[in-house]
Amino acid sequence: MSRRASRLPRAFYRRDPRTVAPELLNKVLAADDGRQARIVEVEAYCGPIDPAAHTYRGMTARNASMFGEAGHFYVYFTYGMHWCANCSCGEVGEGVGVLLRAAEPLAGIELMYAARPKARRDRDLCSGPARLTQAFGIDRRQDGIDLVSGKSGYTILDDGIPPPAEPVSGPRIGISKAIDHPWRWYVPGNPHVSK
DNA sequence: TCTGCGATAATA
DNA sequence: ATTATCGCAGAC
Numbered sequence: 001m002s003r004r005a006s007r008l009p010r011a012f013y014r015r016d017p018r019t020v021a022p023e024l025l026n027k028v029l030a031a032d033d034g035r036q037a038r039i040v041e042v043e044a045y046c047g048p049i050d051p052a053a054h055t056y057r058g059m060t061a062r063n064a065s066m067f068g069e070a071g072h073f074y075v076y077f078t079y080g081m082h083w084c085a086n087c088s089c090g091e092v093g094e095g096v097g098v099l100l101r102a103a104e105p106l107a108g109i110e111l112m113y114a115a116r117p118k119a120r121r122d123r124d125l126c127s128g129p130a131r132l133t134q135a136f137g138i139d140r141r142q143d144g145i146d147l148v149s150g151k152s153g154y155t156i157l158d159d160g161i162p163p164p165a166e167p168v169s170g171p172r173i174g175i176s177k178a179i180d181h182p183w184r185w186y187v188p189g190n191p192h193v194s195k
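FYI, this note's numbering numbers position 126 of the first sequence as 126, with every residue one higher than the one before it.
For the record, the hints were derived by calculation from the structure and aren't laboratory data. It should be emphasised that the depicted structure is a prediction, and the values quoted were computed from it without experimental measurement. Treat the hints loosely; a few may be bogus.
No farther apart than 20 angstroms at their CA atoms in a straight line, the calculated lysine to any residue pairs in the SDA-like style are these [claimed, not checked]:
(1) 177 / 14
(2) 195 / 119
(3) 151 / 34
(4) 195 / 175
(5) 118 / 194
(6) 195 / 168
(7) 177 / 69
(8) 177 / 78
(9) 195 / 161
(10) 151 / 7
(11) 151 / 167
(12) 151 / 32
(13) 118 / 137
(14) 118 / 151
(15) 195 / 169
(16) 118 / 191
(17) 151 / 6
(18) 177 / 10
(19) 195 / 171
(20) 195 / 124
(21) 151 / 75
(22) 195 / 120
(23) 195 / 157
(24) 177 / 161
(25) 195 / 180
(26) 195 / 59
(27) 195 / 122
(28) 151 / 18
(29) 195 / 176
(30) 151 / 10
(31) 195 / 134
(32) 195 / 123
(33) 177 / 49
(34) 195 / 182
(35) 177 / 6
(36) 118 / 180
(37) 151 / 69
(38) 118 / 82
(39) 195 / 167
(40) 177 / 34
Take the sequences, apply the hints, and build the full model.
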C-alpha cells in the first residue's frame, strides 16, 4: 500500500446513500482480528422514497440502527438463516444506508475459510451479502456498532485505491419492489462480484 | 457452467 | 405470506 490506510470519517457516510454507495467501491472492510476485504459491490436503500428498503414504513426494533447516526452497521437477519450488513448513511432519522454485497479478500483469509468451511476458493468467501458477513463473523452482535470510532472491532478503510472511474450500475438484486431503480453498483470485471 | 429448488425463521 | 440468500442437485 502506497500510504497508510485511514478510517472513513463520519462525513463520508453522512450523505445520500446513492452518493456514498459507488464511493464505497474499492474501500476496505477491516476487522480487528486482521480480516480485510476490498468492497466490490454495493446497493443503496433510500428509506421513505424506496419501497424496497426495510425502513420504508418507518422505524421498528429491527431496523432502528439504520435510522441512527451515519457510519454505523445495520445488520439484519433474513431467509431464516442469513445475516446481511449495511452502513447507515444520511442524517439521523432518515433511515437510509448502503448494503455491502461483495468484497475481495485481502488479509486474514485463513480466518475467512475457517468461518466458511464450504468455500473452495477465495471467490466463494465474500461474493454475496450473507457470505461476506459469514466470512467476517458479523451477526446480531454487530448490529448498531460504530464503524468510525475504531473501537467496535470493525471499520472501513481508505487505503488510497480510488473507486473505479466508471462503476457499473444496475437494478438491485433479490427485491420485488422498486426493481426499476439502478441503485446497485459494482467494480467492472471483478470476479468477486456476486452472480 | 447454468438453472431450479428447498432450507429455515423473523418480521409485519 | 414474504423475505435486500445460499448451496445443492441435475443437466449439459
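Original post:
Does the alpha-carbon distance linking residue 177 and residue 10 stay inside the 20 angstroms limit?
Top reply: This hinted pair is violated, its Cα atoms lying about 30 angstroms apart.
Original post:
Taking only the CA atoms, is the gap from residue 195 to residue 167 under or equal to 20 angstroms?
Top reply: 16 angstroms, holds
**OP:** Starting from residue 195, check that the Cα of residue 122 is at most 20 angstroms away, please.
**Re:** 15 angstroms, holds
Original post:
Is the Cα-Cα distance between residue 195 and residue 123 20 angstroms or less?
Top reply: 11 angstroms, holds
**OP:** Could you grab the alpha-carbon distance between residue 195 and residue 171 and see if it respects the 20 angstroms cut-off?
**Re:** 13 angstroms, holds
Subject >> Pairwise hint evaluation, residue 82 against residue 118, where the allowed Cα distance is 20 angstroms at most >> reply: 15 angstroms, holds
Original post:
Does the structure keep residue 118 and residue 180 at a Cα separation of 20 angstroms or less?
Top reply: Since the Cα atoms of residue 118 and residue 180 sit roughly 34 angstroms apart, the hinted pair is violated (cutoff 20 angstroms).
Original post:
Are residue 195 and residue 168 close enough, with their CA atoms no more than 20 angstroms apart?
Top reply: This hinted pair holds, its Cα atoms lying about 14 angstroms apart.
Subject >> Proposed proximity, residue 176 with residue 195 (alpha carbon, max 20 angstroms) >> reply: 18 angstroms, holds
Original post:
Is residue 151 within 20 angstroms of residue 69, Cα to Cα?
Top reply: Holds, because 16 angstroms separates the two Cα atoms, which is no more than 20 angstroms.
**OP:** Take the C-alpha atoms of residue 177 and residue 6, compute the straight-line distance between them, and say whether it is at most 20 angstroms.
**Re:** Violated: residue 177 and residue 6 sit about 37 angstroms apart, past 20 angstroms.
Subject >> Straight-line alpha-carbon gap residue 195 to residue 157, limit 20 angstroms >> reply: Measuring from Cα to Cα gives roughly 25 angstroms; hence the hint is violated.
Taken one by one, the earlier hints fail for this structure at numbers 1, 7, 9, 11, 14, 18, 23, 24, 26, 28, 35, 36 and 40, listed in ascending order.
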